[in-house]
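Positions 31 to 448 (our numbering) are the ones given, in order, by the sequence shown.
No lab work stands behind these hints: they were computed from the structure.
Keep in mind that a hint or two might mislead.
[Said to hold, decoys possible] Cut-off 27 Å, straight-line C-alpha distance, at most; resulting in silico cross-link-like pairs (DSSO-like, lysine-lysine):
| hint | residue 1 | residue 2 |
| --- | --- | --- |
| 1 | LYS265 | LYS402 |
| 2 | LYS265 | LYS181 |
| 3 | LYS265 | LYS74 |
| 4 | LYS238 | LYS74 |
| 5 | LYS265 | LYS343 |
| 6 | LYS184 | LYS265 |
| 7 | LYS167 | LYS184 |
| 8 | LYS343 | LYS174 |
| 9 | LYS181 | LYS343 |
| 10 | LYS287 | LYS265 |
| 11 | LYS184 | LYS343 |
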Amino acid sequence: YPLSAVITSEFSPKRVRGRMMTAVFAMQGFGNFAAALVALIVTKAFQPQLIAGINTLQDRNGLLDTIDRCWRLLIGLGAVPGCIALFCRLTIPETPRFTMDVERNVEQAVQDVATFLTTGKYNVDPDAVIRRADAPKASWANFKHYFGQWKNFKLLFGMAYAWFALDVPFHTLGLNSLGLLRPLHFIPKGCSDYNLEHSRDIMLEASKGNLILAAGGLIPGYWATFFLIDSWGRKPIQIMGFIVLTVIFLVMGGAWKTLHDSTPGGNALVFLYCMANFFQNFGPNTTTFIVPGEAFPTRYRATAHGICAAAGKLGAILSQVIFSVLSHHFNKNESKSCNVSDPDQFVQYMIFVFAFFTLTGAAATLLIEETKGRTLEDISNERQDGFISEGAGPLELASDLGADETNDSYQRIHSGGM
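With the hints as constraints, model all of the structure from the sequences given.
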């Protein structure tokens, strides 16, 4: 999360920065779709073995081996895009902002600007005499000083809590898709997780259900954000998304019994579920990725983004604890044949928990500043005049660069266009 957001942010012009970051993040939706598609293909490929009858112990062991091969193949295929991403990351250079502000290599940073912005050529003389200059440096003391200011701390807290509040419903809906697909009528009620003969139907219907949910809500939501992020703004989209999600979850929870017990109601639940996915992505799921990658100085931008992402993962952990506790409480008397009145009732209470967190996420968003159309230096809440000045410090400059030229180079890198 932090590196993909920050690299994109620091390379992007301010007028399209939101769209570029959204385009990067939207690949998550296509990844979800691809994962469901691969699962469907693998299930179809092993279909003859999966539908074989279980008449003997040997048949049972054979089916278990087939399911195990399916699982291992899916896990292994998941490493393929990771390897491609690793290759791409190793070939991407550091951003000019990082090169100047953190590595303090002005010459290389200006060269990079000349390369990426095609503003001309800049040749470094390797034999030049070195002169040093001052620049703010990341340290624990400086970190406490910067985030000890309320204007900076409230941004970090607001972004971190918003991500936390989002990931409670987001990861419950994502990581427990099988447990939620049955209440949405994608998986027949007669199919038991404990019955091996139902394995093929469960695997097939779960794959189809995830494809429908990804195509019906996840992917469209990303692209709605893509088209509006740089005109409407990050903060309005995030507040809108949280509020709409709160309303959707309250409706789903309040009408759960009515909707869950009929086929038309089940279709309405699927629609509301898709709408929840849509407004997660046309809302806080995308903006919580974007805003931390724009705020804060270069020396702390990735660190702060990592703090926000870690807060989100805490929300994901909490969601699994709540899901497990409620599921166990309502299903503790469930038999292996699924003969209980409503084993899915716990989902209703889980949805009300979602509504609480999304409402608090909307409140936390009020602490966040709008970043649309602003340079990263403006958003950082630090003055940029004379940001790099001659003196004792670790920044290396060629001797033919004076103080005025140094600051001119800095302004080229930190220009309004970036």
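Here is how each hint holds up against the structure:
Taken as a hint, the LYS265 and LYS402 pair is honoured in the structure, with Cα atoms around 9 Å apart against an allowance of 27 Å. Of the pairs offered as hints, the one joining LYS265 and LYS181 holds, with about 16 Å between alpha carbons and a cut-off of 27 Å not exceeded. For the hint linking LYS265 to LYS74, the alpha-carbon distance of about 44 Å lies beyond 27 Å, and the restraint is violated. The hinted pair formed by LYS238 and LYS74 meets the criterion: a straight-line CA distance of about 11 Å does not exceed 27 Å.
Restraint check for LYS265 and LYS343: satisfied, since their Cα atoms lie roughly 22 Å apart, inside the 27 Å limit. This hinted pair checks out: LYS184 and LYS265 have alpha carbons roughly 15 Å apart, not beyond 27 Å. For the hint linking LYS167 to LYS184, the alpha-carbon distance of about 22 Å falls within 27 Å, and the restraint holds. Taking the CA atoms of LYS343 and LYS174, the gap is about 24 Å. The hint holds against a cut of 27 Å.
Taking the CA atoms of LYS181 and LYS343, the gap is near 25 Å; set against the 27 Å cutoff, the hint holds. Between LYS287 and LYS265 the alpha-carbon distance is near 35 Å, which puts this suggested pair outside the 27 Å criterion. Taking the CA atoms of LYS184 and LYS343, the gap is near 20 Å; set against the 27 Å cutoff, the hint holds.
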